[in-house]
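Asker: Please model the complete structure; the sequences and the hints are all you need to start from.
There are 2 protein chains.
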Amino acid sequence: MAKLTSRKENYSQWYNELVNKADLAENSDVRGSMVIKPYGYSIWEKMQAALDKMFKDTGHSNAYFPLFIPKSYLSKEADHVEGFAKECAVVTHYRLRAREDGKGVEVDPEAKLEEELIVRPTSETIIWNSYRNWIQSYRDLPILLNQWANVVRWEMRTRLFLRTAEFLWQEGHTAHATKEEAVAETKQMLKVYANFAESFMAMPVLQGVKTESERFAGALDTYCIEALMQDGKALQAGTSHFLGQNFAKAFDVKYATKEGGQEYVWATSWGVSTRLMGALIMAHSDDLGLVLPPKLAPIHVVIVPIYRGEDQLEEIRKVVDPLKEALQSKGLTVKFDDRDTHKPGFKFAEYEMKGVPVRIAIGPKDLEKGTVEIARRDTLEKQFVAMDDAVDHVHGLMDKIQKNMYDRALQFRTANTHVVDTYDEFKRVINDQGGFVLAHWDGTAETEELIKQETKATIRCIPLDEETEAGSCVRTGKPSARRVVFAKAY
Amino acid sequence: MAKLTSRKENYSQWYNELVNKADLAENSDVRGSMVIKPYGYSIWEKMQAALDKMFKDTGHSNAYFPLFIPKSYLSKEADHVEGFAKECAVVTHYRLRAREDGKGVEVDPEAKLEEELIVRPTSETIIWNSYRNWIQSYRDLPILLNQWANVVRWEMRTRLFLRTAEFLWQEGHTAHATKEEAVAETKQMLKVYANFAESFMAMPVLQGVKTESERFAGALDTYCIEALMQDGKALQAGTSHFLGQNFAKAFDVKYATKEGGQEYVWATSWGVSTRLMGALIMAHSDDLGLVLPPKLAPIHVVIVPIYRGEDQLEEIRKVVDPLKEALQSKGLTVKFDDRDTHKPGFKFAEYEMKGVPVRIAIGPKDLEKGTVEIARRDTLEKQFVAMDDAVDHVHGLMDKIQKNMYDRALQFRTANTHVVDTYDEFKRVINDQGGFVLAHWDGTAETEELIKQETKATIRCIPLDEETEAGSCVRTGKPSARRVVFAKAY
Numbered sequence: 000m001a002k003l004t005s006r007k008e009n010y011s012q013w014y015n016e017l018v019n020k021a022d023l024a025e026n027s028d029v030r031g032s033m034v035i036k037p038y039g040y041s042i043w044e045k046m047q048a049a050l051d052k053m054f055k056d057t058g059h060s061n062a063y064f065p066l067f068i069p070k071s072y073l074s075k076e077a078d079h080v081e082g083f084a085k086e087c088a089v090v091t092h093y094r095l096r097a098r099e100d101g102k103g104v105e106v107d108p109e110a111k112l113e114e115e116l117i118v119r120p121t122s123e124t125i126i127w128n129s130y131r132n133w134i135q136s137y138r139d140l141p142i143l144l145n146q147w148a149n150v151v152r153w154e155m156r157t158r159l160f161l162r163t164a165e166f167l168w169q170e171g172h173t174a175h176a177t178k179e180e181a182v183a184e185t186k187q188m189l190k191v192y193a194n195f196a197e198s199f200m201a202m203p204v205l206q207g208v209k210t211e212s213e214r215f216a217g218a219l220d221t222y223c224i225e226a227l228m229q230d231g232k233a234l235q236a237g238t239s240h241f242l243g244q245n246f247a248k249a250f251d252v253k254y255a256t257k258e259g260g261q262e263y264v265w266a267t268s269w270g271v272s273t274r275l276m277g278a279l280i281m282a283h284s285d286d287l288g289l290v291l292p293p294k295l296a297p298i299h300v301v302i303v304p305i306y307r308g309e310d311q312l313e314e315i316r317k318v319v320d321p322l323k324e325a326l327q328s329k330g331l332t333v334k335f336d337d338r339d340t341h342k343p344g345f346k347f348a349e350y351e352m353k354g355v356p357v358r359i360a361i362g363p364k365d366l367e368k369g370t371v372e373i374a375r376r377d378t379l380e381k382q383f384v385a386m387d388d389a390v391d392h393v394h395g396l397m398d399k400i401q402k403n404m405y406d407r408a409l410q411f412r413t414a415n416t417h418v419v420d421t422y423d424e425f426k427r428v429i430n431d432q433g434g435f436v437l438a439h440w441d442g443t444a445e446t447e448e449l450i451k452q453e454t455k456a457t458i459r460c461i462p463l464d465e466e467t468e469a470g471s472c473v474r475t476g477k478p479s480a481r482r483v484v485f486a487k488a489y
Numbered sequence: 000m001a002k003l004t005s006r007k008e009n010y011s012q013w014y015n016e017l018v019n020k021a022d023l024a025e026n027s028d029v030r031g032s033m034v035i036k037p038y039g040y041s042i043w044e045k046m047q048a049a050l051d052k053m054f055k056d057t058g059h060s061n062a063y064f065p066l067f068i069p070k071s072y073l074s075k076e077a078d079h080v081e082g083f084a085k086e087c088a089v090v091t092h093y094r095l096r097a098r099e100d101g102k103g104v105e106v107d108p109e110a111k112l113e114e115e116l117i118v119r120p121t122s123e124t125i126i127w128n129s130y131r132n133w134i135q136s137y138r139d140l141p142i143l144l145n146q147w148a149n150v151v152r153w154e155m156r157t158r159l160f161l162r163t164a165e166f167l168w169q170e171g172h173t174a175h176a177t178k179e180e181a182v183a184e185t186k187q188m189l190k191v192y193a194n195f196a197e198s199f200m201a202m203p204v205l206q207g208v209k210t211e212s213e214r215f216a217g218a219l220d221t222y223c224i225e226a227l228m229q230d231g232k233a234l235q236a237g238t239s240h241f242l243g244q245n246f247a248k249a250f251d252v253k254y255a256t257k258e259g260g261q262e263y264v265w266a267t268s269w270g271v272s273t274r275l276m277g278a279l280i281m282a283h284s285d286d287l288g289l290v291l292p293p294k295l296a297p298i299h300v301v302i303v304p305i306y307r308g309e310d311q312l313e314e315i316r317k318v319v320d321p322l323k324e325a326l327q328s329k330g331l332t333v334k335f336d337d338r339d340t341h342k343p344g345f346k347f348a349e350y351e352m353k354g355v356p357v358r359i360a361i362g363p364k365d366l367e368k369g370t371v372e373i374a375r376r377d378t379l380e381k382q383f384v385a386m387d388d389a390v391d392h393v394h395g396l397m398d399k400i401q402k403n404m405y406d407r408a409l410q411f412r413t414a415n416t417h418v419v420d421t422y423d424e425f426k427r428v429i430n431d432q433g434g435f436v437l438a439h440w441d442g443t444a445e446t447e448e449l450i451k452q453e454t455k456a457t458i459r460c461i462p463l464d465e466e467t468e469a470g471s472c473v474r475t476g477k478p479s480a481r482r483v484v485f486a487k488a489y
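Residue numbers (numbering that gives the first Met the number 0), protein chains in the order written: chain A, 0 to 489; chain B, 0 to 489.
A hint or two may mislead.
Pairs count within a copy or across copies, as identical chains cannot be separated in the list.
Once the Cα atoms are required to be at most 30 angstroms apart in a straight line, the calculated DSSO-like pairs of lysine-lysine come out as [claimed, not checked]:
1) K232 - K45
2) K52 - K334
3) K342 - K257
4) K20 - K257
5) K381 - K346
6) K102 - K248
7) K55 - K317
8) K257 - K381
9) K294 - K45
10) K334 - K2
11) K111 - K75
12) K253 - K2
13) K102 - K75
14) K253 - K342
15) K190 - K342
16) K451 - K7
17) K253 - K20
18) K402 - K7
19) K342 - K329
20) K45 - K55
21) K111 - K85
22) K45 - K399
23) K487 - K20
24) K323 - K55
25) K55 - K342
26) K317 - K52
27) K45 - K329
28) K52 - K346
29) K257 - K346
30) K190 - K334
Hint data in this document are derived by calculation from the structure and do not stem from the laboratory. Quick caveat, the model's predicted, so the values are computed rather than measured.
Answerer: As structure tokens, then:
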């Protein structure tokens with residue numbers, strides 16, 4: 000298996016090669032649409048399962064709304080149409096016909112839709128159009144729904160997982176009687192995302208609020224989690240939007256209050272997507288390939304036999320069978336790779352590329368000594384362990400690896416978070432070092448845009464933490480109530 | 000809660016009302032596209048989970064391929080384009096722009112795609128286009144993939160779950176080195192579907208092969224499971240296709256054999272969809288609403304308190320809390336409906352409408368006597384049971400209800416399966432009684448079409464069972480090797 004380009008040499012190429020060589024995804028012939036390959040999809044399934052449970056534990060149910068949105072719906076919320084109408088896939092016809100020259104098929108001009116349909120870029124409009132019929136009184140609230148779906152945004156520059164025309168995601172859409180409840184929901188789901196990122200992805204995230212210019216089109220507030228990738232760029236990993244009454248007003252969704260009045264309903268929406276796969280890869284992986292946290296690894300342990308001839312393999316198998324079973328009984332997914340078509344070294348490299356957390360190698364010498372060789376993917380440490388201790392040792396490694404990956408990523412983030420007080424320093428850090436830059440900002444969109452133009456850094460978020468130290472804007476010197484987080488971002 | 004139109008009065012209206020009143024789904028403003036509501040979706044999720052496990056247990060993995068298919072791909076397989084190009088959603092543009100008159104948005108004529116994209120009606124073409132790159136040698140085979148996805152077929156007449164423009168489904172797509180292996184896979188997946196229908200949906204199915212005219216467009220053989228609905232019409236509940244080398248040839252997918260030659264790859268595809276929801280409803284439900292088999296019920300047991308005043312409710316709660324916990328520890332999903340906004344009678348009707356398998360009612364008299372009232376949804380039987388026996392009794396009911404529902408559906412099918420030897424009898428049974436009709440057929444597409452024109456009955460399948468009794472065609476008198484299954488169908 001050919002080696003990856005190193006991260007140092009070319010980070011972007013390293014990423015593309017890794018996604019392909021670890022069998023995660025590939026580009027399709029359809030511009031900007033990817034194929035998620037079985038191994039990549041199995042990681043996404045683990046993410047889905049964990050998130051879905053968290054959504055249900057917080058009272059949400061799943062539902063499914065149409066893929067197509069009538070063009071006129073998009074226009075109903077003024078900001079929303081600005082944000083989403085521009086680049087989208089438009090269905091104009093509903094039939095093909097055979098060409099007269101017999102060469103394939105063509106669009107049947109007779110089958111033109113009266114109103115064009117948009118392939119959903121997000122579902123606020125179609126869902127709030129339904130909510131109008133579902134909500135009459137305060138008794139019908141809250142509505143706490145989530146949808147797992149594909150969406151399409153016609154991106155010009157695409158990269159596997161990070162930015163694709165079609166992607167998979169979940170979108171939560173909730174309806175509430177009061178502003179307070181909707182804000183609490185928005186924040187709750189941000190916490191769910193942060194918890195998922197940190198506990199499952201082993202990826203520390205900053206929690207914050209977006210500035211007005213980075214807000215979701217149609218939101219009053221967009222909360223986000225932001226992670227730091229190994230190249231010093233930030234990645235927005237999830238967003239939770241407080242939509243106020245914007246969509247309720249656009250779609251005329253009112254409810255009868257307890258007191259007998261009529262009020263517009265309050266809304267939130269929140270989502271994470273297959274972009275998380277990109278974040279997972281870039282947060283942890285190394286020049287040998289993917290490094291997966293045990294909680295999201297499709298295979299926890301691979302066992303590779305070192306042998307010559309069928310007799311030796313049979314001897315090894317006698318030891319492996321009970322070992323595998325014992326590991327499985329601990330809830331681990333174990334693969335015994337006894338293919339005779341590939342050498343151990345090839346297999347080692349393959350599972351390193353695929354990020355399997357633990358590898359066990361067993362050869363004739365191990366059988367003699369009653370040991371196995373156990374290798375950790377995160378640290379690449381190898382260790383001989385007595386066969387009798389192997390199950391407990393490997394089981395214990397799962398938590399250790401999960402924790403080590405988080406700690407390492409947190410250390411990296413800490414080392415790459417810079418408090419900066421002058422614009423020269425700001426530019427130097429952004430250009431030379433990357434990472435998160437904590438700096439004062441005067442709170443205006445103009446200054447934000449100026450800094451973006453001059454440095455390519457954007458405000459990733461206004462952190463939710465408690466620290467509020469006043470100062471003066473790094474660019475204009477005007478007063479600032481608190482530092483915000485800048486970075487170059489994916 | 001207003002009652003349903005009875006099945007006898009108007010079966011079709013009964014169905015539509017039930018789907019709405021049981022909160023399963025509703026029509027959206029987008030022609031032919033439905034909204035699957037949370038309760039309906041939770042049943043679909045149970046179906047998905049059971050099927051997904053069965054697919055994985057038979058060695059399949061999930062993956063994800065693009066929603067959009069380049070128009071030219073459809074034309075590559077001649078039969079396939081005939082079957083699927085006609086009614087499909089066509090994406091022609093990738094951008095909207097603001098209208099000059101300020102009234103909303105319009106399609107930007109500048110943003111016309113060079114080649115139109117089809118919203119997938121099924122994914123053979125896009126998947127086999129990928130397989131070309133994935134398959135070089137016999138070592139790369141078999142490929143055993145499945146995809147959970149939405150698909151779009153522009154149907155003119157739609158009905159919730161049964162026939163919608165957009166629907167959810169899974170589509171398996173496998174690639175094999177030999178014909179034998181592909182045929183075995185096709186048959187295996189038919190068995191998986193039959194097993195799912197019978198074990199989970201409690202719905203007996205006939206297994207058979209489609210006639211040439213009913214085959215999937217591009218298949219050499221289409222295997223199917225066919226179920227009988229309560230109105231005597233058949234419903235095709237799942238299909239498994241042996242595709243031969245058609246798609247391999249269309250997309251030039253060859254592999255190097257062990258012997259060093261080059262061969263085209265053999266293919267299968269197989270799918271079930273949200274149509275199963277329609278089958279589930281029509282196979283079991285009654286004039287009071289949905290009847291759900293316990294294995295697919297989102298709620299197994301509902302507990303309704305009968306009380307006056309908060310004090311009585313508190314006393315009941317003391318008994319319900321441990322009961323609920325004990326039932327949950329048996330793996331059952333339990334809902335305690337202590338809403339004070341609705342009377343018990345209303346709640347009874349609501350859970351009957353929603354098909355909850357078991358209802359427990361507890362009132363002050365029960366507390367005195369140490370009993371509870373347990374009602375079965377399938378038989379509507381009520382019974383007083385000692386509180387101490389309630390958990391075991393209810394737990395035991397799950398299997399009983401599951402089995403009873405299957406047995407009842409099987410009895411219905413047996414009673415509505417007619418062996419017919421003359422065309423007069425054939426027409427009489429099809430017209431007056433419905434059900435499955437076993438009759439001889441001369442094996443020609445002409446006769447099949449003639450019978451369809453004259454009676455609206457189609458050949459549902461040529462059964463896979465062993466019985467082969469020769470005879471003469473019910474329509475033409477020509478020789479027939481065996482009886483086939485006719486019915487009017489959804």
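Asker: So, for every hint listed, does it hold in this structure?
Answerer: Consistency of the hints with the structure:
no.	hint	result
1	K232 - K45	within (26 angstroms within a copy, 41 angstroms between copies)
2	K52 - K334	both (26 angstroms within a copy, 18 angstroms between copies)
3	K342 - K257	between (72 angstroms within a copy, 20 angstroms between copies)
4	K20 - K257	between (59 angstroms within a copy, 25 angstroms between copies)
5	K381 - K346	within (16 angstroms within a copy, 62 angstroms between copies)
6	K102 - K248	between (50 angstroms within a copy, 18 angstroms between copies)
7	K55 - K317	between (43 angstroms within a copy, 26 angstroms between copies)
8	K257 - K381	neither (66 angstroms within a copy, 38 angstroms between copies)
9	K294 - K45	both (8 angstroms within a copy, 24 angstroms between copies)
10	K334 - K2	within (23 angstroms within a copy, 55 angstroms between copies)
11	K111 - K75	both (23 angstroms within a copy, 24 angstroms between copies)
12	K253 - K2	between (60 angstroms within a copy, 28 angstroms between copies)
13	K102 - K75	between (42 angstroms within a copy, 10 angstroms between copies)
14	K253 - K342	between (67 angstroms within a copy, 27 angstroms between copies)
15	K190 - K342	neither (46 angstroms within a copy, 38 angstroms between copies)
16	K451 - K7	within (25 angstroms within a copy, 69 angstroms between copies)
17	K253 - K20	between (52 angstroms within a copy, 22 angstroms between copies)
18	K402 - K7	within (25 angstroms within a copy, 63 angstroms between copies)
19	K342 - K329	within (29 angstroms within a copy, 48 angstroms between copies)
20	K45 - K55	both (16 angstroms within a copy, 14 angstroms between copies)
21	K111 - K85	both (21 angstroms within a copy, 13 angstroms between copies)
22	K45 - K399	within (19 angstroms within a copy, 34 angstroms between copies)
23	K487 - K20	within (27 angstroms within a copy, 52 angstroms between copies)
24	K323 - K55	between (33 angstroms within a copy, 19 angstroms between copies)
25	K55 - K342	between (45 angstroms within a copy, 28 angstroms between copies)
26	K317 - K52	between (39 angstroms within a copy, 29 angstroms between copies)
27	K45 - K329	both (18 angstroms within a copy, 26 angstroms between copies)
28	K52 - K346	between (34 angstroms within a copy, 28 angstroms between copies)
29	K257 - K346	between (66 angstroms within a copy, 22 angstroms between copies)
30	K190 - K334	between (35 angstroms within a copy, 27 angstroms between copies)
In summary, the numbered hints that this structure violates are 8, 15.
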